[in-house]
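For reference, the chains in residue letters:
There are 2 protein chains.
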Amino acid sequence: MSDRYFQHTFSNGLTLLAEKMPGMQSAAMTLLVPAGSATDPVDRTGASTVISDLVLRGAGNRDNRQLTDYLDGLGLQRSASVGVYHTRFGSAALAGKVMESLATYADIVRRPQMPESGFEPARDLALQALAGLDDDPRHKLSVKLREWFFPSPYGRNSMGKQEDLEKLTLELCIADFARRYQAQGTILAVAGHIDFAALMDAVQNNFGDWAGKAPDPIVEMPPPGNYHHLDQKSEQTHIGIAYPAVTETDPDYYTMKVAIEILSGGSSGRLFTEIREKRGLVYSVSAGYTGLRDRGAITGYAGTSNERAQATLDCFLTELHRLTRGVTPAELARAKTGMKASTIMSGESTSARAGAIAHDFFIRGRIRTLDEIKAAIDSVTIEKVNDYLAKHPPGPFTIVTVGPRELKMPG
Amino acid sequence: MSDRYFQHTFSNGLTLLAEKMPGMQSAAMTLLVPAGSATDPVDRTGASTVISDLVLRGAGNRDNRQLTDYLDGLGLQRSASVGVYHTRFGSAALAGKVMESLATYADIVRRPQMPESGFEPARDLALQALAGLDDDPRHKLSVKLREWFFPSPYGRNSMGKQEDLEKLTLELCIADFARRYQAQGTILAVAGHIDFAALMDAVQNNFGDWAGKAPDPIVEMPPPGNYHHLDQKSEQTHIGIAYPAVTETDPDYYTMKVAIEILSGGSSGRLFTEIREKRGLVYSVSAGYTGLRDRGAITGYAGTSNERAQATLDCFLTELHRLTRGVTPAELARAKTGMKASTIMSGESTSARAGAIAHDFFIRGRIRTLDEIKAAIDSVTIEKVNDYLAKHPPGPFTIVTVGPRELKMPG
Chain A
21 MSDRYFQHTF SNGLTLLAEK MPGMQSAAMT LLVPAGSATD PVDRTGASTV ISDLVLRGAG
81 NRDNRQLTDY LDGLGLQRSA SVGVYHTRFG SAALAGKVME SLATYADIVR RPQMPESGFE
141 PARDLALQAL AGLDDDPRHK LSVKLREWFF PSPYGRNSMG KQEDLEKLTL ELCIADFARR
201 YQAQGTILAV AGHIDFAALM DAVQNNFGDW AGKAPDPIVE MPPPGNYHHL DQKSEQTHIG
261 IAYPAVTETD PDYYTMKVAI EILSGGSSGR LFTEIREKRG LVYSVSAGYT GLRDRGAITG
321 YAGTSNERAQ ATLDCFLTEL HRLTRGVTPA ELARAKTGMK ASTIMSGEST SARAGAIAHD
381 FFIRGRIRTL DEIKAAIDSV TIEKVNDYLA KHPPGPFTIV TVGPRELKMP G
Chain B
21 MSDRYFQHTF SNGLTLLAEK MPGMQSAAMT LLVPAGSATD PVDRTGASTV ISDLVLRGAG
81 NRDNRQLTDY LDGLGLQRSA SVGVYHTRFG SAALAGKVME SLATYADIVR RPQMPESGFE
141 PARDLALQAL AGLDDDPRHK LSVKLREWFF PSPYGRNSMG KQEDLEKLTL ELCIADFARR
201 YQAQGTILAV AGHIDFAALM DAVQNNFGDW AGKAPDPIVE MPPPGNYHHL DQKSEQTHIG
261 IAYPAVTETD PDYYTMKVAI EILSGGSSGR LFTEIREKRG LVYSVSAGYT GLRDRGAITG
321 YAGTSNERAQ ATLDCFLTEL HRLTRGVTPA ELARAKTGMK ASTIMSGEST SARAGAIAHD
381 FFIRGRIRTL DEIKAAIDSV TIEKVNDYLA KHPPGPFTIV TVGPRELKMP G
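Chains as they are written, first to last, in my numbering: chain A, 21 to 431; chain B, 21 to 431.
Hints in this document: simulated from the structure, not taken from any laboratory. Incorrect hints may appear among the rest.
If several chains are the same, the list does not tell them apart, and a pair holds so long as it fits within one copy or across any two.
[Said to hold, decoys possible] Only pairs whose alpha carbons sit at most 25 Å apart, straight line, appear in this in silico PhoX-like list of lysine-lysine: (1) Lys160 with Lys187; (2) Lys117 with Lys394; (3) Lys187 with Lys404; (4) Lys404 with Lys360; (5) Lys160 with Lys253; (6) Lys164 with Lys187; (7) Lys181 with Lys253; (8) Lys117 with Lys360.
Because the structure is a prediction, the values reported are computed rather than measured.
Just chain A, same shape as in the assembly (with noise of 0.2 Å):
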């Protein structure tokens, strides 16, 4: 497509991107695989969290040992993520090494061995790492704003439900392994010091006779929404707010994007120069989107004492609905170039174009250069921005809060 931008859809519906990033040594893997939480079972919850794990204990002729030391010995930076659509394996190192690497990455998500001895420590992390959401308050806030505000199966806690982990058997990840592991709709994206024809070669050898089928559809509830609170004893209070936005599709995506920066970019965003400079209410506030495939979000967290508490959610609602009123062109401008600046910052980091290549492709179909992102903000005028907050009021809120006292709700 271009000398800096590769894309190929394999027969079995596996797709390899590309991105040439000269003046690096490195380059960065972003491995999506078509497992998120969504589409874990609907009494199996957490299952993706567990398989994600589990799958990294010993593939093809390596045991769990031998895989670990493996890529340690590459000198791989690595992490394995579940989201909602994907589970998602990442990697960095310099380009060689990444480019090594593929094949033993085939065998982890074709061929793992999926211990017996593996899968016990597995679903125990996942419990322990459901219990430490107690010890984080603000890590729960966003968990439960997702919950609330997102249709089921999407809102879901990628960790799952206690009840449900400890359900889960071997046999039952091994069957679910099988079922979601596959070639459609799995996304390998790499960035950096990279060349074209070896990497589709590398991809098509261990990739390209990966069966692939259809994923079952998945059933969608709707969420709970309104207003919830999770009683904390605490001397801080926890404020999640959401309410619905745009698609990442829309014609309208930058404008919104435009607004929420105005909202809440650098230290000129309304939040922090109303909420923190002017009144001192509170020492954490901010603004940004969530985008599903097919809906968004505009959401706002706040953390504040217990005292002030309730007159930060008066005036973070009173913000949002402010913006209807307009911006000015000082705001406005400030917002675009904060936006380029690191639109164009993150095209010297290989993990960040992996990773923003792999997520346009499944958003889009298509990568997207930085020239045609830096396009869209640059289009944005005054007359959209203030056409849009004015036709979009903020609302209906889901509204969650972490502390010892529940908030009056606006009327």
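Following the hints, put chain B in place on chain A, whose structure we already have.
Showing chain B alone in chain A's frame:
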């Protein structure tokens, strides 16, 4: 000194460091001012933190709002934080914008407005951050471990004590600013797409006539050490361990770093393998190095359920002691590969390099090249590591726990 690196100390004691990074469009700046938590007056802990906020509330001829708007308008990603020795201001953006911001950073550290109206909000935010520690037991643990391991004032919580923050006044901040924000000991480092001559000119013009004088001497007080338990009602127990290690300038520094990497690097590290993978005792376990200018520490962390806490501590200490019996050539090779890969990848981040060259100069009085660091890692042999470990058995330990019950310490 070379095409890639630049170093110059002005007659007022300010040092400019720079690294040219081919292929980058961005630049990053790290500005270290000699106002760290260790130089806070003994009854005014947290002053550095309040001042670091206050100086950003208007500087030169720009008031609070104008300053924030201007810096955001350059597209800068900014940060400010207080360390042991310095207050650190960081920024990253397109290289031209970072250059443009230098005059304004001179305003911030030399001519802040420090308005009356900004003092209460700044102090309030510091108090809120301090109160927020109670909701973040892992962070609280790391703060307390430093306090109890390092001699005062080096082990201080940079957030300060509540009673000291409450006594602080704007007048005290202004006097303290005048004492500590000065050229002598300030380090300004820039890395990325830069021109040495233009940078040198800009720094000369904006910082060249800044006055500097030798800092006040610091009086050390011995740390409490030993075992401390912080009672917190929770299902989780957090464990922190610290014991002495060599300094960063010691000839054995990389030998020790390789040993820590064997203990805690990647997924093949001993702590991860033994405590997490084999025993399933913890979700999170790690060890690392924490250095002051003239002393160092190996620190460890584990977070686990209350019923596994004692076994986790015992197992952690067993692994530390087992190190003295030596490591294998395979462990050594993996550790060196991992460390070298990280070093090379840090060379692809302007922010990482600006921070690294500033730190190098503070600790060593000069910039180290990435090749020098790689060579230092390469020079570590199995004999050196095993000899070092045999001669440096772990201990004496400072141990901190946060949770509902005290643990039994080793005899």
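To test your reading of the hints: which numbers does this structure violate?
3
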